[in-house]
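Going by the working numbering, the residue at position 395 of the first sequence is 409; the numbering climbs one at a time, nothing skipped.
Pair ranges (Cβ atoms, derived): (1) 382 with 127: 51 to 61 Å; (2) 141 with 416: 50 to 60 Å; (3) 497 with 65: 45 to 55 Å; (4) 280 with 97: 28 to 38 Å.
Quick caveat, the hints were computed from the structure, so don't treat them as lab data.
Ideal Cβ placement from N, Cα and C applies to all residues, glycine included.
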Amino acid sequence: MDRRVRVRFAPSPTGALHIGGVRTALYNYLFAKKHGGDFLIRIEDTDQTRYVPGAEDYIIESLKWVGITADEGVGFGDGPHAPYRQSERKPMYRQYVMQLIDAGLAYYAFDTSEELDAMRERLKASNVDSKYDAITRMAMKNSLTLPEDEVKRRLDNGDNYVVRIKLPKKEDVKFHDEIRGWVNINTAQMDDKVLFKSDGMPTYHLANVVDDYLMNISHVIRGEEWLPSAPLHVLLYRYLGWEDVMPKFAHLPLLLKPDGNGKLSKRDGDRLGFPVFPLSGAFPDKDGNMESFTGYRESGYLPEAVLNLLAFLGWNPGSTQEIFSKQELIDAFSLERVSKSGAKFDQNKAKWFNQQYVRHTDNAVLAAALKKEVEARGISGFSDEYITQVCGLMKEKISFIKELWEMGSYFFVEPAGYDEGVIEKKWNDRSPLVLQDIIQLIRPIDQFTAFGFEAAYNDALTKNGVSNKDFMQLLRVCLSGAAGGPPIFEMGVLFGKEVVLQRLQKALDTIKK
RNA sequence: GGUCCGUUGGUCAAUCGGUUAAGACGCUUCCCUUUCACGGAAGAAUGAGGGGUUCGAUUCCCCUACGGACUACCA
Numbered sequence: 015m016d017r018r019v020r021v022r023f024a025p026s027p028t029g030a031l032h033i034g035g036v037r038t039a040l041y042n043y044l045f046a047k048k049h050g051g052d053f054l055i056r057i058e059d060t061d062q063t064r065y066v067p068g069a070e071d072y073i074i075e076s077l078k079w080v081g082i083t084a085d086e087g088v089g090f091g092d093g094p095h096a097p098y099r100q101s102e103r104k105p106m107y108r109q110y111v112m113q114l115i116d117a118g119l120a121y122y123a124f125d126t127s128e129e130l131d132a133m134r135e136r137l138k139a140s141n142v143d144s145k146y147d148a149i150t151r152m153a154m155k156n157s158l159t160l161p162e163d164e165v166k167r168r169l170d171n172g173d174n175y176v177v178r179i180k181l182p183k184k185e186d187v188k189f190h191d192e193i194r195g196w197v198n199i200n201t202a203q204m205d206d207k208v209l210f211k212s213d214g215m216p217t218y219h220l221a222n223v224v225d226d227y228l229m230n231i232s233h234v235i236r237g238e239e240w241l242p243s244a245p246l247h248v249l250l251y252r253y254l255g256w257e258d259v260m261p262k263f264a265h266l267p268l269l270l271k272p273d274g275n276g277k278l279s280k281r282d283g284d285r286l287g288f289p290v291f292p293l294s295g296a297f298p299d300k301d302g303n304m305e306s307f308t309g310y311r312e313s314g315y316l317p318e319a320v321l322n323l324l325a326f327l328g329w330n331p332g333s334t335q336e337i338f339s340k341q342e343l344i345d346a347f348s349l350e351r352v353s354k355s356g357a358k359f360d361q362n363k364a365k366w367f368n369q370q371y372v373r374h375t376d377n378a379v380l381a382a383a384l385k386k387e388v389e390a391r392g393i394s395g396f397s398d399e400y401i402t403q404v405c406g407l408m409k410e411k412i413s414f415i416k417e418l419w420e421m422g423s424y425f426f427v428e429p430a431g432y433d434e435g436v437i438e439k440k441w442n443d444r445s446p447l448v449l450q451d452i453i454q455l456i457r458p459i460d461q462f463t464a465f466g467f468e469a470a471y472n473d474a475l476t477k478n479g480v481s482n483k484d485f486m487q488l489l490r491v492c493l494s495g496a497a498g499g500p501p502i503f504e505m506g507v508l509f510g511k512e513v514v515l516q517r518l519q520k521a522l523d524t525i526k527k
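Work out the full structure, taking the sequences as your base and the hints as a guide.
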């Protein structure tokens, strides 16, 4: 029975979308496109207390930036199963909860949080797992222990209650994970999870299962942190009578910190100095303080590179090819080749990926980015043509777009200083003489070409008996201030004769040792 | 603590019982280059430990160790 592939990415709008979340979305997207299916986005905002305004937009914008698009859902024009926000689907869940209660598979519970705490502490003290389960529920206030009329009275009275699933005392729940194989958990290890909260909202578990069923989801591809609750979801499908259309599960390995242990977290970005989020932004933390963070986009990463490097964190094609376009990823992707163990994020590799993409990016595209940087500094007077040529010279030298400016600002402004190491090592009594001669030889040139510039330079060297090796880098430093850079004579020609003359003169006037 | 998942070089990783255990990033050396980079060549570096199964285990099984996730009226 081949059913249409329909997968979903279902984030909670509780803050910025972590790069690991982007990867989850990506794998869902790739899987859907690979199988000609649908990818949809559902917002799981059942916890009103954790809702962060703007988070939803951030998530959508992030996905769009890396090139992930959805066929249905929030941010992508909805679709046949609208609404796609669980808060807006609130009225839909109650009937399924009632269905479970009527079937004796769920029950009302009236315990206060104090009572729950007390229960947990009591059990902990006696060294027993503190779960609300088949044993402990009999000592709590719920529709299993309270007289029927008492339950009715409380309900009619509008008392606070939750609905919990009624799990069997001891029963194996087995399910197949597409990545890990068969997983078996006994209900004795699980607890009677809350399905329906006292605020009238379903919990993740219930909403997730109901929506996946209603939206005809064929595969649930999500992070490994969900593996322990997967049996609960399996049971829910069974109890609701949907087991025959239950989606297949695939639990993805986690993204780990580059150093030490643990999964990649928000803080790691600042601590290690690399982005953990796709886009720069700021959101309130749990205490309500605004916390800002930098993104891949603002750090100069190309979206295609991010897509590529993310795809390779936990998956590989089994070949030696590493650079993949989006379409190539779609063609090559399979859950089978997703690895089981977590992957540590490697900054160097990320940089390398970006470098590959920068190098193959059209000069005009790079120029647009560089132009922004230039204009942002209030610098004008440079043509698009000039900026494009700068990019052509610089792109072999950089790994990140932002380095176009960082390493090539001298194409637009005078160098602020001269590389001290080079001056220290190469500058001597004869240097000013050579510079002087270069200036004199260049000045009369009408057609300033790389060839002419080089010829003038060589003549000056010969005249003073100085070798290339000793002066070459000095010339570069005099022109750009930097020790490295693009081919020097081409660079000079791009500067133009006047700028070259002026900079050499300035070097002559200022460099002293 | 309990449950579940995992474990090939520093990192990402291939291998679906038999290989000199790929490849990439990073690192080192050399070549190219009148600099830096790119490119090219080479090198160091890996199957957590212990038991089995087998003619033969990185590969299958068990134990131990280690790592991770989960353990809320959060997702």
